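Here the protein sequences come in this chain order: A and B. Using the working numbering, the first residue of the first sequence is number 80, and each one after it goes up by one. Using the working numbering, the first residue of the second sequence is number 150, and each one after it goes up by one.
By construction, these hints were calculated from the structure, which means they are not laboratory data. Note that this is a predicted model, so its numbers are computed, not measured. Incorrect hints may have been included.
What the hints assert, rightly or not - Which residues of chain B face chain A? A few of them, derived with a C-beta cut under 8 angstroms, are:
{"id": "1", "residue": "PHE185"}
{"id": "2", "residue": "PHE189"}
{"id": "3", "residue": "GLY234"}
{"id": "4", "residue": "GLU237"}
{"id": "5", "residue": "GLN238"}
{"id": "6", "residue": "MET321"}
{"id": "7", "residue": "LEU337"}
{"id": "8", "residue": "ASP340"}
{"id": "9", "residue": "ASN341"}
{"id": "10", "residue": "THR369"}
For every residue, glycine included, the Cβ atom is placed at its ideal position computed from N, Cα and C.
Next come the chains, spelled out residue by residue.
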Amino acid sequence: MKILLALSTAALLSAQAPSGDWLHFQGNPQGHRFSPLKQINKTNASRLKLAWAMQIDKTDKFEASPIADNGILYVSEPPSDVSAIESRSGKVLWRYKRVLPDSVAYCCGRVNRGVAKLGDLVFIGTLDAHLVALDAATGHVVWDVEMADIKKGYSSTVAPLIVKDKVIIGSAGGEFGVRGYIAAYEAKTGKQAWRLYTVPSAGDKATETWLGDSYKYGSATTWVTGSYDPSTNLIFWGTGNPGPDWKGDKRRGDNLYSDSILAIDADTGKMKWYFQFTPHDVHDWDATQVPVLVDEMWKGKMRKLVLFANRNAFYYVFDRETGEYLLGKQYVRQTWAQPELDAKGRPVRLPNTAPTPNGTVVYPNSPGATNFQAPSYSPQTKLHYVMTRDEGGVFYSGDDTYKEGSWYLAGRFVSKPGEEATGAIKAMDFTTGKAKWEYALSGASWSGVLSTAGGLVFAATGDGDMLALDDTTGKLLWRFPMGGKAFANPISYLAADGKQHVAIACGHTLFSFTVE
Amino acid sequence: MRLTILALWCALALSAQMKAPTDEASLREGLKLYQFHCSFCHGKGDDGMAANLVTPNLVHAPTDASLVNIIRNGIGGTDMPPALGMSEQEMLMVAGYVRSLGRTAPTSIAGDAAKGKALYLGKGGCAGCHMVDGKGGRSGPDLTLIGAMRSPGNLRTSIVDPNASMVGGWSMVHLTLKSGQKVSGIRLNEDNFHVSLRDGKGKIQTIAKAEAVKIDRDLTRSSMPAYGKVFSEDEMTDLIAYLFSLRGAL
Numbered sequence: 080m081k082i083l084l085a086l087s088t089a090a091l092l093s094a095q096a097p098s099g100d101w102l103h104f105q106g107n108p109q110g111h112r113f114s115p116l117k118q119i120n121k122t123n124a125s126r127l128k129l130a131w132a133m134q135i136d137k138t139d140k141f142e143a144s145p146i147a148d149n150g151i152l153y154v155s156e157p158p159s160d161v162s163a164i165e166s167r168s169g170k171v172l173w174r175y176k177r178v179l180p181d182s183v184a185y186c187c188g189r190v191n192r193g194v195a196k197l198g199d200l201v202f203i204g205t206l207d208a209h210l211v212a213l214d215a216a217t218g219h220v221v222w223d224v225e226m227a228d229i230k231k232g233y234s235s236t237v238a239p240l241i242v243k244d245k246v247i248i249g250s251a252g253g254e255f256g257v258r259g260y261i262a263a264y265e266a267k268t269g270k271q272a273w274r275l276y277t278v279p280s281a282g283d284k285a286t287e288t289w290l291g292d293s294y295k296y297g298s299a300t301t302w303v304t305g306s307y308d309p310s311t312n313l314i315f316w317g318t319g320n321p322g323p324d325w326k327g328d329k330r331r332g333d334n335l336y337s338d339s340i341l342a343i344d345a346d347t348g349k350m351k352w353y354f355q356f357t358p359h360d361v362h363d364w365d366a367t368q369v370p371v372l373v374d375e376m377w378k379g380k381m382r383k384l385v386l387f388a389n390r391n392a393f394y395y396v397f398d399r400e401t402g403e404y405l406l407g408k409q410y411v412r413q414t415w416a417q418p419e420l421d422a423k424g425r426p427v428r429l430p431n432t433a434p435t436p437n438g439t440v441v442y443p444n445s446p447g448a449t450n451f452q453a454p455s456y457s458p459q460t461k462l463h464y465v466m467t468r469d470e471g472g473v474f475y476s477g478d479d480t481y482k483e484g485s486w487y488l489a490g491r492f493v494s495k496p497g498e499e500a501t502g503a504i505k506a507m508d509f510t511t512g513k514a515k516w517e518y519a520l521s522g523a524s525w526s527g528v529l530s531t532a533g534g535l536v537f538a539a540t541g542d543g544d545m546l547a548l549d550d551t552t553g554k555l556l557w558r559f560p561m562g563g564k565a566f567a568n569p570i571s572y573l574a575a576d577g578k579q580h581v582a583i584a585c586g587h588t589l590f591s592f593t594v595e
Numbered sequence: 150m151r152l153t154i155l156a157l158w159c160a161l162a163l164s165a166q167m168k169a170p171t172d173e174a175s176l177r178e179g180l181k182l183y184q185f186h187c188s189f190c191h192g193k194g195d196d197g198m199a200a201n202l203v204t205p206n207l208v209h210a211p212t213d214a215s216l217v218n219i220i221r222n223g224i225g226g227t228d229m230p231p232a233l234g235m236s237e238q239e240m241l242m243v244a245g246y247v248r249s250l251g252r253t254a255p256t257s258i259a260g261d262a263a264k265g266k267a268l269y270l271g272k273g274g275c276a277g278c279h280m281v282d283g284k285g286g287r288s289g290p291d292l293t294l295i296g297a298m299r300s301p302g303n304l305r306t307s308i309v310d311p312n313a314s315m316v317g318g319w320s321m322v323h324l325t326l327k328s329g330q331k332v333s334g335i336r337l338n339e340d341n342f343h344v345s346l347r348d349g350k351g352k353i354q355t356i357a358k359a360e361a362v363k364i365d366r367d368l369t370r371s372s373m374p375a376y377g378k379v380f381s382e383d384e385m386t387d388l389i390a391y392l393f394s395l396r397g398a399l
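If we strip away everything but chain A, and leave its shape as in the complex, we get (with noise of 0.2 angstroms):
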């Protein structure tokens, strides 16, 4: 097993080169989810077709975003599964099986939302918390870690994210009362070379944000795919909620680093800065949204900036080498906190937003403003498109102690009654934290977007429709329905034909579309 690593790393690194691949979670390390693909464009996006659709076998939602390497594509399939898939057919190649214990805790339904890739090998982080590295060439296993201990209720959900030669990843399991991490692991051989606690051990100053010793059981985990960032060699990763999840007496305090972006050391996993969107959140609004860097000027002068739409209803923008807090706007309708945030970006929270015992309405509602629907970043129009929700809960709070490997909550949600949940695309303008325009949705959509050099924003309603927008102005210039419920993120890629495709799972189905 030789692998080409100095070769891909240098390819991963040279991220904008107008290569077909998608060989990232979000196509590029720095969290973009942009194509600089132009075949398919604003002329002929009318004329899309479905080129092919792979059906998988499986009842669980498909959340996975597909990584295309040199015309094949590599795609997890829930519940841990992975397949490589030839990009012109559609045909499968191989599939790897994962076989998992009866006893898994999860959340959510049984869910992966993507493989990554580094010569050879394809990782996956497996629902009972294990890192496989199958070959690329026959899906056969080549390393296989168990990353944490299912008994004590985690998970791995998160598509990992390839820094340099390792692997970098996160866990699942917030409703469990774990403790969340994101570590690293060498590609070659397995072997862990850094983990990151996001609650803090006994004696860490943080554990003064948490009542007594609630932070032993403080969640925090990392579900969705971070980014990294070669010039100041620093990965940036969002942190989930505190638990239990609503209702927080029993862990009085800022709950540090819950709700959070954590900007870490790519070599040494330390955490050079860190900023808490919702400190002491009591509604599950966790801040695992994916962080898009961006060199830009910012009031007249180039900075390295972080842009966070977030899913408690605030867009932020932070200098991502000092962790200096720039902007932070309302993006989506909210209830909880004072339309303008402090001077240091801390929510002002307000009276009677707690969850109680009979309920308490609140906007957004727990699924928040937006939340693992992955964002797209256009250099060419220096938009952030995000999937936005819209909707009212009821938050109840209820009793729960800590049991290990046992449901954590303390309270639960549902949706406020007699409304119905709708959505638009938003293209922010970072600068602002306003939408330049955006696309209502008559209902909410689990989609991400992509957004591509043929000057197209590609995303899908909640009932599976696929739109084409015009990525300047919002206008549909194409739509094709799939006829399932979206729950994933588009990519763009060329196929072995040399032909522009743009994929995206929904319903249990994986759709392929191109022009003629």
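Put chain B on the given structure of chain A with help from the hints.
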């Protein structure tokens, strides 16, 4: 219809070994879980806005295994959600509690069902909108099994105050088209581009939203008239007795 139910029964019977507990400690625990997870919709069992659980024959859950399955996964396409945060054992205890509710169900209630049927067909004009055993209108839900699915109290609310007990899938949508024409009906589907509805004549229409200048949705207003003032108390009792008797072969 009978055949498919039988076939389903056989399939479910395979996993029928699963038994919901009946001992008092489990029932007490089950009640606590029920109050937290279920009463929001099901009330005390027979007075909530959702399905009546005070019945010996749950339409969707002939066996304890299928009951646990419903609790675990919800009922697709309805407002019955999957339980969040319950262990297998807890689901069994809730199932046990739901079964204990069933054992308290009344087998007969006050009122004269035959007189009620006459009111249903006559003065009430209910059959204009509802179907029973394949006969009747199509502007409301089929009531063939309604006696097994709803408690007497539930039925009363449905008739006296329909807005307080809306059933999913029957909300009205009203469109004003560019031509000035108005179209109303029961909303069967709505996506970003189209609204499909069944109009008052039972005809299914699909209208492009681009053709509409105005779309109103009655999400909280039932299209069923409120009957509080139409019937005397005795008539209401008879009508409910009739509806309660509608339980098919169950």
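Each hint, compared with the structure:
1. For B:PHE185, the interface hint holds, since its Cβ comes within 8 angstroms of a Cβ in chain A; the closest pair sits about 5 angstroms apart.
2. Annotation: B:PHE189 was flagged as interfacial toward chain A, and the flag holds, the nearest CB pair being 6 angstroms apart, inside 8 angstroms.
3. At about 4 angstroms, the closest approach between the beta carbon of B:GLY234 and any beta carbon in chain A falls short of 8 angstroms, and the interface hint on this residue holds.
4. Taking 8 angstroms as the C-beta contact cut-off toward chain A, the hint placing B:GLU237 at the interface is violated, the least distance being around 10 angstroms.
5. Evaluation of the B:GLN238 hint against chain A yields a violated restraint, the C-beta minimum of about 10 angstroms exceeding 8 angstroms.
6. At about 14 angstroms, the closest approach between the beta carbon of B:MET321 and any beta carbon in chain A exceeds 8 angstroms, and the interface hint on this residue is violated.
7. For B:LEU337, the suggested interface contact is broken, since its CB lies about 13 angstroms from the closest CB of chain A, more than 8 angstroms.
8. Here the hint on B:ASP340 is kept, as its CB sits about 5 angstroms from the closest CB of chain A, short of 8 angstroms.
9. Proximity of B:ASN341 to chain A holds as hinted, the smallest CB-CB distance being about 5 angstroms (cut-off 8 angstroms).
10. Hint on B:THR369 holds. Least Cβ distance to chain A is approximately 4 angstroms, under the 8 angstroms limit.
This entry does not satisfy hints 4, 5, 6, 7, going by the numbered hints stated previously.
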